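Engineer: Add 3 to a position in the sequence shown, counting from 1, and you land on the number used in the working numbering.
No lab work stands behind these hints: they were computed from the structure.
Since the model is a prediction, treat every value here as computed from it, not as a measurement.
Possibly wrong hints are sitting among the right ones.
As the list claims (entries may be wrong) - Pairs of lysine-lysine, DSS-like flavour, derived with a Cα cap of 30 Å:
no., residue 1, residue 2
1, Lys41, Lys97
2, Lys141, Lys95
3, Lys94, Lys140
4, Lys149, Lys94
5, Lys105, Lys41
6, Lys149, Lys134
7, Lys94, Lys49
8, Lys49, Lys140
9, Lys127, Lys95
10, Lys141, Lys105
11, Lys123, Lys149
12, Lys97, Lys134
13, Lys105, Lys140
14, Lys134, Lys49
15, Lys41, Lys95
16, Lys127, Lys94
17, Lys97, Lys49
To be verified - Simulated restraints on C-beta separations:
no., residue 1, residue 2, range
18, Ser33, Ala103, 32 to 40 Å
19, Phe93, Glu146, 17 to 25 Å
20, Ala103, Asp54, 19 to 27 Å
21, Lys122, Ser42, 17 to 25 Å
22, Asp54, Asp138, 27 to 35 Å
23, Thr137, Lys41, 36 to 44 Å
24, Glu57, His104, 20 to 28 Å
Note that CB positions come from ideal geometry on N, CA and C, so glycine has one too.
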Amino acid sequence: MRIIYSLAAILLGLSASTQAGELPACDNISLNAVESLKSYSNGSIKVFKIDNEEPAGGNIGIAIAINRGESLDKEESFCRYVPYLSDANFKKIKSSYDDAHKVLTLSIPVIESDPETGKKSNFKMILKIDKRATDEKKLVTFEIEK
4 MRIIYSLAAI
14 LLGLSASTQA
24 GELPACDNIS
34 LNAVESLKSY
44 SNGSIKVFKI
54 DNEEPAGGNI
64 GIAIAINRGE
74 SLDKEESFCR
84 YVPYLSDANF
94 KKIKSSYDDA
104 HKVLTLSIPV
114 IESDPETGKK
124 SNFKMILKID
134 KRATDEKKLV
144 TFEIEK
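Based on the sequences and whatever the hints tell you, model everything.
Structural biologist: Below, the structure is given as structure tokens:
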């Protein structure tokens with residue numbers, strides 16, 4: 004079963020399904036708390052597992068940093084962030100690249116904890132990184148596969 008979540012759902016701990024799949028910018032996150040790093044597309048896409056220590060049960064986040072330029076006059080870098088996870092298994096990330104559309108797809112096993120009951124749920128987060136996107140909101144999109 005595939006469920007698509009919106010920014011509002013992410014900020015609520017990925018608990019309610021909606022119709023969009025956009026991710027917020029990497030505002031106010033510290034790269035001092037990086038636990039793991041994976042690099043793709045000759046280093047121009049980096050995926051970080053970050054331990055924010057708070058909130059309990061939702062302290063893990065995933066940051067996706069994308070460099071879209073090769074020269075200083077055209078260079079643009081973007082960062083998107085998935086907050087409020089209990090864990091993300093970076094050793095089991097699966098990646099594929101659609102050369103025709105220039106889209107990197109990452110499948111990341113993650114765990115979410117219900118803040119009220121503490122019950123843990125396992126699922127896969129499917130991230131799609133489109134470096135050719137003309138709309139910044141479509142640069143990184145995601146789906147949740149339960």
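Engineer: Would you check the hint for Lys105 and Lys140, treating anything up to 30 Å between C-alpha atoms as holding?
Structural biologist: 17 Å, holds
Engineer: Please work out if Lys41 and Lys95 have their alpha carbons no farther apart than 30 Å.
Structural biologist: 11 Å, holds
Engineer: Quickly compare the C-alpha distance for Lys149 and Lys134 to 30 Å and report which way the hint goes.
Structural biologist: 27 Å, holds
Engineer: Hint check: Lys127 vs Lys94, CA-CA at most 30 Å. Holds or violated?
Structural biologist: Holds - the C-alpha atoms of Lys94 and Lys127 are around 13 Å apart, at most 30 Å.
Engineer: Kindly confirm whether 17 to 25 Å is satisfied by the beta carbon distance between Phe93 and Glu146.
Structural biologist: 19 Å, holds
Engineer: Checking one constraint from the list: CA of Lys141 to CA of Lys95, max 30 Å. Satisfied?
Structural biologist: 25 Å, holds
Engineer: Holds or violated: Lys94 with Lys140, Cα cutoff 30 Å?
Structural biologist: 28 Å, holds
Engineer: For the pair supplied as a hint, Lys123 and Lys149, confirm whether the alpha-carbon distance does not exceed 30 Å.
Structural biologist: At roughly 12 Å apart (the allowed maximum being 30 Å), Lys149 and Lys123 satisfy the hint.
Engineer: Keeping to a limit of 30 Å between CA atoms, is the pair of Lys134 and Lys49 held or broken?
Structural biologist: 13 Å, holds
Engineer: How does the Cβ-Cβ distance of Asp54 and Asp138 compare with 27 to 35 Å: does it lie in that range?
Structural biologist: This hint holds: roughly 31 Å between Cβ atoms.
Engineer: Can you confirm whether the C-alpha distance between Lys141 and Lys105 stays at or below 30 Å?
Structural biologist: 13 Å, holds
Engineer: Regarding the pair Lys127 and Lys95, is the alpha-carbon distance no greater than 30 Å?
Structural biologist: 10 Å, holds
Checked against the numbered hints given earlier, the structure breaks hints 20, 21, 23 and 24 and satisfies all the rest.
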